[in-house]
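*Asks:* Protein sequences, first through last, are from chains A and B.
Okay, so the first sequence: first residue is 1 according to the working numbering, each after it adds one.
Okay, so the second sequence: first residue is 1 according to the working numbering, each after it adds one.
Hints may contain errors.
Stated by the list, open to error - Quick list of simulated restraints, FRET-style, between CB atoms: (1) A:D59 x B:D26: 25 to 31 angstroms; (2) A:D59 x B:R77: 37 to 43 angstroms; (3) B:P61 x A:D17: 15 to 21 angstroms; (4) B:D26 x A:S18: 37 to 43 angstroms; (5) A:E39 x B:M19: 49 to 55 angstroms; (6) A:E5 x B:K14: 32 to 38 angstroms; (7) B:M19 x A:V54: 27 to 33 angstroms.
Everything labelled a hint here was simulated from the structure, so no lab data went into it.
Ideal placement from N, C-alpha and C gives every residue a C-beta, glycine not left out.
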Amino acid sequence: GENVEQHPSTLSVQEGDSAVIKCTYSDSASNYFPWYKQELGKRPQLIIDIRSNVGEKKDQRIAVTLNKTAKHFSLHITETQPEDSAVYFCAASTGTGGFKTIFGAGTRLFVKA
Amino acid sequence: NAGVTQTPKFQVLKTGQSMTLQCAQDMNHEYMSWYRQDPGMGLRLIHYSVGAGITDQGEVPNGYNVSRSTTEDFPLRLLSAAPSQTSVYFCASALGLAGYNEQFFGPGTRLTVL
């Protein structure tokens with residue numbers, strides 16, 4: 001079955017620096033790759049996603065890149081702020097609408113003011 | 001819209017007891033899923049459904065049953081609770097149309113099995 005590996009498990013950056021989180025997936029049929037942010041004690045919420053026919057997508061300070069050949073995708077956060085501190089999950093989905101979604105283990109991001 | 005709702009918010013069970021975690025959505029979403037979240041292990045897919053009457057197993061289905069008799073509801077049943085099932089359980093739903101993949105999560109149920 002699908003397996004998603006995520007690195008690093010913990011990331012600490014200084015406010016204003018960039019943060020990069022990397023994921024790899026195993027199922028070549030995966031066609032949708034969302035990223036979720038989860039603040040302490042709250043539910044995960046989608047922050048950005050990318051489809052298999054797109055190599056890069058950007059939304060303000062957040063960008064995601066996808067390399068289908070290498071089965072690798074990454075989240076980039078620029079100009080980090082303390083409110084970016086949270087756990088970030090990557091995921092990979094197969095099927096119409098991406099209904100079967102497998103998540104990575106998560107990255108705990110600390111942004112130091 | 002209430003979005004995705006889950007009940008109860010907290011539950012303590014004894015080993016061997018059974019219970020049902022409730023999940024409902026009022027967004028007319030076709031896709032619904034159950035995840036469990038354990039420290040350091042992310043969100044693991046238990047079961048999912050692509051529409052009323054259709055369910056399938058995820059990564060960790062053992063010990064759990066589901067059914068989908070209506071579009072709105074997707075209950076998760078624990079037949080005989082075990083301490084290994086202590087976790088936070090999230091239900092999620094998605095519209096199900098091509099291009100509308102975002103999953104919306106419920107607030108979660110924190111389950112402790114003694």
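*Asks:* None of the hints should be skipped; say for each whether it holds.
*Replies:* Evaluated hints:
1. A:D59 x B:D26: 25 to 31 angstroms: Given a distance of about 28 angstroms, which is inside 25 to 31 angstroms, the answer is holds.
2. A:D59 x B:R77: 37 to 43 angstroms: holds, 39 angstroms
3. B:P61 x A:D17: 15 to 21 angstroms: violated, 41 angstroms
4. B:D26 x A:S18: 37 to 43 angstroms: holds, 39 angstroms
5. A:E39 x B:M19: 49 to 55 angstroms: With Cβ atoms ~28 angstroms apart, the hint is violated.
6. A:E5 x B:K14: 32 to 38 angstroms: holds, 36 angstroms
7. B:M19 x A:V54: 27 to 33 angstroms: This hint is violated: roughly 43 angstroms between Cβ atoms.
The structure does not agree with the numbered hints 3, 5 and 7 stated previously, though it agrees with the rest.
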